[in-house]
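Enquirer: Protein sequence lines correspond, in order, to chains A and B. According to the numbering used here, the first sequence is numbered sequentially starting from 1. According to the numbering used here, the second sequence is numbered sequentially starting from 1.
Worth flagging that the hints you see were computed from the coordinates, not collected in a lab. It is possible that part of the hints are untrue.
[Said to hold, decoys possible] Distance condition first, Cα-Cα at most 27 Å in a straight line; then the derived BS3-like pairs of lysine-lysine:
#, chain 1, residue 1, chain 2, residue 2
1, B, K42, A, K85
2, A, K77, B, K145
3, B, K242, A, K85
[What the hints assert, rightly or not] Cβ pair distances, simulated, as ranges:
#, chain 1, residue 1, chain 2, residue 2, range
4, B, K193, A, A35, 30 to 36 Å
5, A, A86, B, Y7, 57 to 63 Å
6, B, A319, A, G50, 21 to 27 Å
7, A, A86, B, A184, 45 to 51 Å
8, A, D69, B, Y7, 33 to 39 Å
9, B, Q67, A, A35, 41 to 47 Å
10, A, D36, B, E364, 42 to 48 Å
11, B, G320, A, G50, 39 to 45 Å
Since we're looking at a predicted model, the values are computed, not measured. Built from N, CA and C at the ideal position, the CB exists for glycine as well.
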Amino acid sequence: MRGDDTRGRAVSTESRDGVVYTETIVHSPPEQYAADAPYQLAIIDLHSGGRLTVRVLGRNPEERARIGDRVVFVEEKNGVPYYRKA
Amino acid sequence: MDAILKYMRPVAVIGTGKTAFGAFPDRDLRSLAVEAVAEALKDANLPPGAVQAFYLGNFAGPSFVGQNHLAPYVGAAAGFESIPCTRFEDACASSGSAFFHAWQSVAAGIYDIVVAAGVEKMTSQTTPRVTEILAGAGDMSGEGKAGATFPALFAMIARRHMHQYGTTREQLAAVSVKNHANGAKNPYAHMRKVITLEQALAGKPVAEPLTVYDCSLISDGAAAVAIVPLDRARQYTSRFAKVLAVTQTSDHVALDTKSDITLFQAVKSAGEKAYALAGLGPKDINVAELHDCFTIAEILASEDLGFVEKGNGGPFAAAGCTAINGPIPINTSGGLKSKGHPVGATGVGQICDIVTQLRGEAGERQVARHRIGLTQNLGGSGATCVVTILEAGQ
């Protein structure tokens with residue numbers, strides 16, 4: 001199965017999982033995402049190679065992904081990839 | 001490029017002009033820019049009619065104040081007549097880029113008298129709207145769409161730097177405390193407030209691990225410089241500064257396209273090229289203005305420009321090595337953190353600040369040795385960098 005990532009590169013959904021390269025919790029959002037804040041943003045190393053900037057779902061401390069944690073692909077909404085901590 | 005450069009004429013900065021940086025609800029973009037240009041011309045003993053070309057840096061006037069066509073809009077009001085007036089946009093390095101191109105035009109012998117300036121009017125918008133406009137300096141097809149604000153991008157750089165090199169929150173905060181201490185003594189600074197390490201650590205989170213005390217200010221302001229060939233500088237002033245090097249480099253816009261985000265390749269290469277042009281190294285620099293849009297950015301720049309080895313920028317700052325009386329004083333103006341960051345004005349503003357130091361006119365912020373100064377102006381999360389090296393003329 002194949003899909004497109006946010007830059008239009010074709011990637012298989014199985015290989016969309018990855019490992020957190022770096023992350024932050026955004027408290028001061030752009031106007032567009034005011035309702036989402038605070039939210040976690042991460043750059044992940046995809047198992048299939050390459051890097052992607054993604055949202056990590058969850059607000060509880062145990063759901064927070066740290067550098068080196070595995071994350072799995074959940075869905076893509078409006079061109080934004082959403083993940084959760086594995 | 002390097003083969004051509006040896007045929008270029010040496011250039012000098014003969015006048016500087018700055019508005020105060022701050023929130024000025026009763027000032028518009030044009031009046032700020034005109035004030036800075038008029039100050040620079042007065043300082044250079046030049047009438048506006050003598051200027052042969054005008055290079056204006058501005059990041060987002062169309063978004064912040066709804067005005068396009070900014071260079072002639074400002075230039076005509078400043079008294080320039082029938083000369084090329086052009087706007088340069090390279091995110092927060094917009095006026096650094098304007099200066100680079102202005103310098104090229106004089107060095108190449110195209111013009112003899114040129115003004116480079118920068119302006120931004122940001123405070124008429126709400127913080128969420130400013131955050132959104134600034135995010136446009138990132139890649140809006142990827143990171144921007146996912147909700148990466150500029151604080152978020154630099155927060156992710158900080159996290160990675162902490163992970164790889166053991167940099168601490170306290171070391172980031174030390175940069176902020178130092179820059180606020182300097183800015184408190186600068187009459188042109190936006191936030192003239194001394195802060196403590198405890199205050200900086202307890203700041204409201206913006207994007208973890210960064211707090212409000214790690215982030216530069218949203219400001220209004222403008223800055224301008226007048227430049228001429230070095231051999232004509234003394235006709236106008238004895239207080240000129242020689243331009244030893246100006247370099248501009250670029251890299252990918254999106255942070256997730258860089259292999260190691262704890263190093264900005266554009267900064268490293270702009271620095272290396274500038275040192276080579278000037279025939280100098282980092283140890284020869286007496287004073288520097290570095291682009292501290294965030295505390296971590298000053299730490300990265302101090303490493304990428306060779307003032308300290310990669311990974312040790314945090315301990316270096318915390319030990320006081322970058323203070324006014326330290327071995328390499330960084331951001332004696334207060335930096336973007338305390339002086340303010342009207343983004344399009346920042347690059348030329350840094351040059352004004354270094355020229356003030358080289359002239360020995362920085363008052364209680366004056367550094368002891370002030371023959372050679374460096375500025376580093378960054379666009380986005382490292383996609384543009386402009387480095388200048390200047391030498392006192394006297």
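Enquirer: When the structure is checked against the list of hints, which entries are broken? Sort them ascending.
Expert: 1, 3, 6, 8 and 9
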